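K.L.:
Starting from the known structure of chain A, fit chain Z onto it as the hints suggest.
Chains as they are written, first to last, in full-length UniProt numbering: chain A, 1 to 158; chain Z, 1 to 306.
If you're looking for bench data, these hints aren't it; they were derived computationally from the structure.
Simulated DEER-style distance windows between Cβ atoms:
no.	chain 1	residue 1	chain 2	residue 2	range
1	A	SER128	Z	GLN40	33 to 43 Å
2	A	GLN14	Z	LEU102	34 to 44 Å
3	Z	ARG285	A	SER7	21 to 31 Å
Here are the simulated lysine to any residue pairs, SDA-like style, with alpha carbons at most 25 Å apart:
no.	chain 1	residue 1	chain 2	residue 2
4	Z	LYS161	A	PRO134
5	A	LYS111	Z	CYS131
6	Z	LYS10	A	HIS150
7	A	LYS111	Z	ALA189
8	A	LYS146	A	LEU61
9	A	LYS111	Z	TYR104
10	Z	LYS283	Z	ASN162
11	A	LYS146	Z	THR11
12	Z	LYS53	A	VAL8
13	A	LYS111	Z	SER119
14	Z	LYS193	Z	PRO233
15	Z	LYS225	Z	SER56
16	A	LYS111	Z	GLY272
17	Z	LYS193	Z	GLN203
18	Z	LYS114	A	PHE116
19	Z	LYS161	A	PHE133
20	A	LYS111	Z	TYR187
21	Z	LYS161	A	ILE130
22	Z	LYS225	Z	ALA28
23	Z	LYS2	Z	GLY69
24	A	LYS111	Z	THR123
25	A	LYS111	Z	LEU102
26	Z	LYS161	A	SER17
Coverage of chain Z stretches by chain A, computed from C-beta distances (three or more under 8 Å per stretch; other residues unrestricted):
no.	stretch
27	181-193
28	259-267
Note that the structure is predicted; figures quoted are calculated from it, not measured.
All C-beta atoms, glycine included, are put in the ideal place defined by N, C-alpha and C.
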Amino acid sequence: MGIVPSSVVLTSFQVMSRVFLIWAVTHSVKEVQTEDSVLLFVIAWTITEIIRYSFYTFSLLNHLPYLIKWARYTLFIVLYPMGVSGELLTIYAALPFVRQAGLYSISLPNKYNFSFDYYAFLILIMISYIPLFPQLYFHMIHQRRKVLSHTEEHKKFE
Amino acid sequence: GKHVEILDAKTREKLCFLDKVEPHATIAEIKNLFTKTHPQWYPARQSLRLDPKGKSLKDEDVLQKLPVGTTATLYFRDLGAQISWVTVFLTEYAGPLFIYLLFYFRVPFIYGHKYDFTSSRHTVVHLACICHSFHYVKRLLETLFVHRFSHGTMPLRNIFKNCTYYWGFAAWMAYYINHPLYTPPTYGAQQVKLALAIFVICQLGNFSIHMALRDLRPAGSKTRKIPYPTKNPFTWLFLLVSCPNYTYEVGSWIGFAIMTQCLPVALFSLVGFTQMTIWAKGKHRSYLKEFRDYPPLRMPIIPFLL
Chain A
1 MGIVPSSVVL
11 TSFQVMSRVF
21 LIWAVTHSVK
31 EVQTEDSVLL
41 FVIAWTITEI
51 IRYSFYTFSL
61 LNHLPYLIKW
71 ARYTLFIVLY
81 PMGVSGELLT
91 IYAALPFVRQ
101 AGLYSISLPN
111 KYNFSFDYYA
121 FLILIMISYI
131 PLFPQLYFHM
141 IHQRRKVLSH
151 TEEHKKFE
Chain Z
1 GKHVEILDAK
11 TREKLCFLDK
21 VEPHATIAEI
31 KNLFTKTHPQ
41 WYPARQSLRL
51 DPKGKSLKDE
61 DVLQKLPVGT
71 TATLYFRDLG
81 AQISWVTVFL
91 TEYAGPLFIY
101 LLFYFRVPFI
111 YGHKYDFTSS
121 RHTVVHLACI
131 CHSFHYVKRL
141 LETLFVHRFS
151 HGTMPLRNIF
161 KNCTYYWGFA
171 AWMAYYINHP
181 LYTPPTYGAQ
191 QVKLALAIFV
201 ICQLGNFSIH
211 MALRDLRPAG
221 SKTRKIPYPT
231 KNPFTWLFLL
241 VSCPNYTYEV
251 GSWIGFAIMT
261 QCLPVALFSL
271 VGFTQMTIWA
281 KGKHRSYLKE
291 FRDYPPLRMP
301 IIPFLL
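With the rest of the complex left out, here is chain A (with noise of 0.2 Å):
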């Protein structure tokens, strides 16, 4: 919406995936509450959003602290893969539980002619992190290139 500099896409995107993994995870599936790899997801995503937001903030403030800028393109190698751990560990414990309440499936014969297999829906979004995840990580990677060399420059004639 031009407030921040972000991509519309990409943002979206991270925002659904995290609503999945909240309500039509987590939520919907009560006997993976107490897992460790729920706490995991959790923990990386908050420390990324607090560091997230403090940038944006300060960014529009026209007062960022290099320390901030620095966490928001650093952190992330190690908050992405433990997030993203986090989440398929998660996604992998609730399997058993769908397919035992067959939960929001359902199969033919039915008046809509219509089947949905919410287990290998699961398998199917697991899979997807293995084309998804790397290309995240390395634009990632590449924008922390671009911008921490840019302060550096913007240094060294000070």
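P.N.:
For chain Z alone, coordinates are given in the frame of chain A:
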């Protein structure tokens, strides 16, 4: 004669210099000359403009009518590999025709082996196959004999995108309609008859509009005129919408959805409707821009509403 220099729109690098070009040469002819020095850039993938960030010049534009001096500077942008519209249409429509039949005839490895090559006992399933096949045969014939395309080509990546859409949805729909566990419509023969009537009327309507649009434009030309209702009652929808062909197309699919009572068909109709609405709005906007006297009552795709 005039001189023409062609620069790369991004790098401003001098790509080509043509001297002694006829003042009444067209952009199409200049494109042909440019291809001679850069054969990998055939005319269909060239975009030439007066300003690096400006609009593409048309093939019919004449050199001396452009706002240039004795040396015309044109900027070149590569549009990427191109493929003809006709090729794309034929491929994307032949797929669904063939794919649906694979499911209808219950070819092995789709449903359980005990169902291989069996036939559904529901009349509506046979009717649906006829309707679906008729629809795509009609589209193929229209592509070959009716439509007059304004553009010759489109980017190559479109064929992959378009085929995935058409072929994917065709397989998804066909799977359920021809499934051994298919459930016929709740309101039985009444529902099927009504839906079939809607489908047939909309197919005739859609065809009538395609013929009317074809008659607006002489062969080989790219002229644009306001379409008006003709003696054919199906074309009277032009009084209320700019793109009645899309209106009838949505109607056909709604009819097919009601006939088969199949959710994937309804979803396909919805996605198609969304895309056609975007196209109709665009067409409607360009009609309004081009023609001062465009009928004010008309909406893009749905009478009075959208």
